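Enquirer: Chains as they are written, first to last, in our numbering: chain P, 343 to 752; chain H, 6 to 260; chain A, 1333 to 1566.
These are computed hints drawn from the structure, not numbers from a lab. Values in this document were obtained by computation on a predicted structure and should not be read as measured data. A hint or two may mislead.
Computed from the model, here is a short list of chain P residues facing chain H with C-beta under 10 Å [as the list claims (entries may be wrong)]:
1. W506
2. I514
3. G515
4. D591
5. I650
6. K653
7. L687
8. T712
9. M714
10. L716
11. F717
12. S719
13. F721
Covered, in the sense of this in silico footprint (three residues per stretch, anywhere, with C-beta under 8 Å from a C-beta of chain P), are these stretches of chain H [stated by the list, open to error]:
14. 166-173
15. 184-195
For lysine to aspartate or glutamate, the following DMTMM-like pairs were computed, each having C-alpha atoms within a straight-line distance of at most 25 Å [said to hold, decoys possible]:
16. A:K1342 with A:E1360
17. A:K1499 with H:D151
18. H:K253 with A:E1528
19. A:K1506 with A:D1440
20. A:K1430 with H:E79
21. H:K256 with H:E120
22. H:K87 with A:D1427
23. H:K258 with A:E1534
All C-beta atoms in this analysis are idealised placements derived from N, C-alpha and C, irrespective of residue type, glycine included.
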Amino acid sequence: MKCFFIVLLLFKGLSASGKVFHVGAQHPYKTIKSALAVTNEGDTVYIHKGLYKEGNIIVQKAITIIGIDRPILDGDKKYEVLSIKSSYVTIKGLRVQHSGYASLDDPGGIKVYEATKVTIIDNELFDNFFGIYIQFSTNCLIKNNSIIAFGKEEQTIGNGVHCWKSDSLQIIGNNINGCRDGVYFEFVNNSVIWRNIVTDNIRYGLHFMNSNNDSYFTNIFSRNGAGVAVMFSKKITMMNNTFNENWGDAAYGLLFKEISDCHLSGNHFNKNTAAIFMDGSNRTIVENNVFSNNGWGLKIQANCMDNIIQKNNFIKNTFDVSTNGTLLLNIFSQNYWDKYSGYDLNKDKIGDVPYRPLSLYSVIVESNPTAMILFRSFFVSLLDQSEKKIPSLTPENFIDNKPLMSALRL
Amino acid sequence: MGRIFKYVMLDILKNKFVIAYMVMMSLVAWSAFTLEDNSAKGMLTLLNLILLTVPLVSVLFSAIYIYNSSEFIELLVSHPIKRSKIWLSLYWGLCGSLVTAFIIGAGIPLLLFAEFTISLLMLVVGILITVIFVSLALLSTIIYRDKAKGIGLTILIWIYFALLFDGLLLFLMFQFADYPIEKPMVLMTALSPLDLSRILLLLQLDSTAIMGYTGAIFRNFFGNTVGMSISFTLLILWSTIPFLVSLKKFKKKDL
Amino acid sequence: MITVENIKKKFGKLVVLNGIDLTLKKGECIALIGPNGCGKTTLMKIILGMVMADSGSILVNNESITKSELYKQHIGYMPQIGRYPQNMTIGQIIDMVKGIRNEKKPLDEELYKAYELDKLLDKKMSTLSGGTMQKVSAVLSFLFNPSILILDEPTAGLDPIAAEILKQKIIKEKGNGKLIIITSHLLSELDDMVSEIIFMQEGNIIFHRAVTALKESTQTAKISSAILQILKNK
């Protein structure tokens, strides 16, 4: 008897597809809800082209829903469109639009409640409050979706992909545009974010809160309020990402706040107001990154300790680094600074004269922001030149003892 | 009057120093735009040119020219022509020729390589700075009859606006660091034509974001049409008031 | 033609002219002489409107010179040192002055032709010798046929031939009934031309006499010796 059940389960597992239901104007089921009502675990529902305004659609069984010719599920700006309350659900090929807005229960285009192994793939999420919302879930895959919203201010728009108290998520290859945060992680551990293009979001492209052991690779963050904000988190790995044109008052490429033991490597920062703003960041390694054409390369607050900044290229930034403190407890080593004018007599490709990347003017501006009105004045350049020759006001230990003579190939 | 202006202008345009000035600016501007891979860097080079070289050359050359022309001015006064016309002709002659040199030297590469609106603004600001410093030079030559003293004064004027005034601003900023001084500081910049021009141009060069809160105040003040008109009015005042004072004194001056 | 009444001028504390009164009539050729710093240049400059008098009045053809600058169309002035903008040509200078004067009257081109300036019209001022520059100044002062000529050291720097041409011109214009005022240190040159002498010292006019009367009273044949004698007797 036991054997029979096992065989039955195996059979069911292998065949997986189970029954097939078609929804559409010319098909047996006219509404999605009517089809969902008769499905069982393992069934597949095909939704054909059309506009479906069915209020809140709840998926409570482990089924696969596939859109054919991109059917549109519309929440009429009142309802959460698709609620997934079962594990092993796959959603594919839908266009989900106009979810309810700004109510207390955070309506989303697609919301996953306490589930595991949910796959959301190849969907368009258009003008929803939250795009994809995942809570208390594990091992979910969010892949190749396009999430577009039209947020004007932070209060009236949700996040593109919002993940809360979850684990082992994979967010891959999505396009996210115009949301509050492109991707939001709070209490999300052991997850990976890969190859997403996150642009023009109001607040952050990617936002970590109290999330540990996550990584993000090869993403592009352009023109967001700030590219990525990593806050109150540990052991985040950040590699090969591009941070572009996060430009504006108080805009950053990457913002660190109260983080530790992170690793930042191989990223490109171009045309950001400040490429990296480090506040209370400890034991983080910043290496092999390129900082180019930024207002500030690195802003390191005095409460940062034991960070290692090595083998980066600093090219054409207005200020390479700045700090608000007098003591520096971080290590700079073997970076390439385009403003370095030393020489290399022994030809080991390391400059013989240490380099002080902190300009006097950046120190002045840090303590008295109004001094910015002297930006690019002759007076300031004279001031910086004289400080370079005879350092007196900038922190003594803010120094790269092994500045590179030529840029690294990064 | 037209003829004096014409011949003074032709005379200055043939001056070796002015030709050197034109060639130098041309070289700097062309190399800034062609050697740098993006035009933004070239714009910054030109900004420095406009804020340092143009005022220095304008003020110094004009003063020297006026001192060297003292006998010529006497000769003109002996003819039946109003003194104000003579002084105006010299002013326009100096402005016309130095502005021409500026446009040929810096204007052409600017218009060729940079975005049209920004380069036009830069050109206008450069012209205004030229005129302002010619006007200040004329005032200096009226204040001091002695050539050495007068030229000393023009150099002092240049150092003051290019350097000392900014030092003074920085000093005040630190003295009053505990107060909300951003707005008073914005007003203070109106007291220096070079600061005013620099900020006007920086606002267009998209650097305001890194200027933070101060930049935002500037943009609110200077960024709109009203602010722009106010700042251009100020620059025009800077270019006319010293000249008008010098004109008033020239009418009564013993040559 | 020119009436000077009680003209006073101070430069700072230094009194340069201490109440000068003069009446100058047409047909006279007057030499204004005196030691350096006697105030003769200042007086001339006041008449030309280059220096403003502190008090007193000057009438040219019965018109006060402070009212309008138009009286200057009756005056031709030749400066002691003519310096012109370096890169202007002689032709441009002459053209410019013609433009300023803008007179309909026929021009007096006698000196212009005598000095053969038409061959030098394209020369830049910076390339000219001092003498040529003086020729330009002389030509300009006579060109518009003015009824008053004020000549500051007219022959200084001119070569003897050019100086002689100028002297003949001055004598000729005197004969045409013009008022000519000359300052000069070269007293010997003045003999043939001058009809009256004004001697100034420390801002005062020491004497103002006709040359014939001067020579008679001192029993001398030359102006220079006559003046020396007067100064000795003082």
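Enquirer: Hint by hint, work out which the structure violates, then give me just those numbers in ascending order.
Expert: As far as the earlier hints go, 1, 2, 3, 5, 6, 7, 16, 17, 18, 21 are violated by this structure, in ascending order.
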